[in-house]
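Visitor: The whole structure should be built from the sequences, with the hints applied where relevant.
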Amino acid sequence: MDEEHGESVDKSGRARYMLGRVVFAILPTGAYFTFKTTLEGRTSEQHRCGHLMRMELEEHSGANAEV
Numbered sequence: 001m002d003e004e005h006g007e008s009v010d011k012s013g014r015a016r017y018m019l020g021r022v023v024f025a026i027l028p029t030g031a032y033f034t035f036k037t038t039l040e041g042r043t044s045e046q047h048r049c050g051h052l053m054r055m056e057l058e059e060h061s062g063a064n065a066e067v
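Residue numbers for the sequence shown follow this note's numbering, so the first one is 1 and each next one is one higher.
Some hints could be false.
For each label pair, taking beta carbons as the anchor points, the in silico distance ranges come out as [said to hold, decoys possible]: (1) Y32 with R54: 25 to 35 Å; (2) E56 with Y17: 57 to 67 Å; (3) A15 with K36: 29 to 39 Å; (4) E58 with A31: 56 to 66 Å; (5) G13 with F33: 40 to 50 Å; (6) T34 with S12: 29 to 39 Å; (7) S12 with F33: 28 to 38 Å; (8) E58 with F24: 26 to 36 Å; (9) L27 with R54: 35 to 45 Å; (10) A25 with E59: 31 to 41 Å; (11) I26 with L57: 40 to 50 Å; (12) S12 with K36: 50 to 60 Å.
Please keep in mind that the hints were generated in silico from the structure rather than gathered at the bench. Beta carbons are placed, not taken as given, at the ideal position from N, Cα and C, and that holds for glycine.
Guide: Dropping the structure here:
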């Protein structure tokens with residue numbers, strides 16, 4: 001009975017160890033992709049805002065040039 005118990009503990013310990021390795025392998029890549037998509041979203045948002053501001057400036061400068 002002690003041998004079976006020891007074997008089951010070893011199996012669960014090994015499974016937990018493998019699960020931990022898989023989680024630690026996935027977490028950094030998941031964090032990297034989350035950071036990358038957040039960064040890309042932020043830069044595209046800034047680009048869009050910059051484009052809108054540029055269009056407004058062109059409209060104002062165009063109106064000033066006509067007057």
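Visitor: Of the numbered hints stated earlier in the document, which are not met by this structure?
Guide: 4, 5, 8, 10, 12
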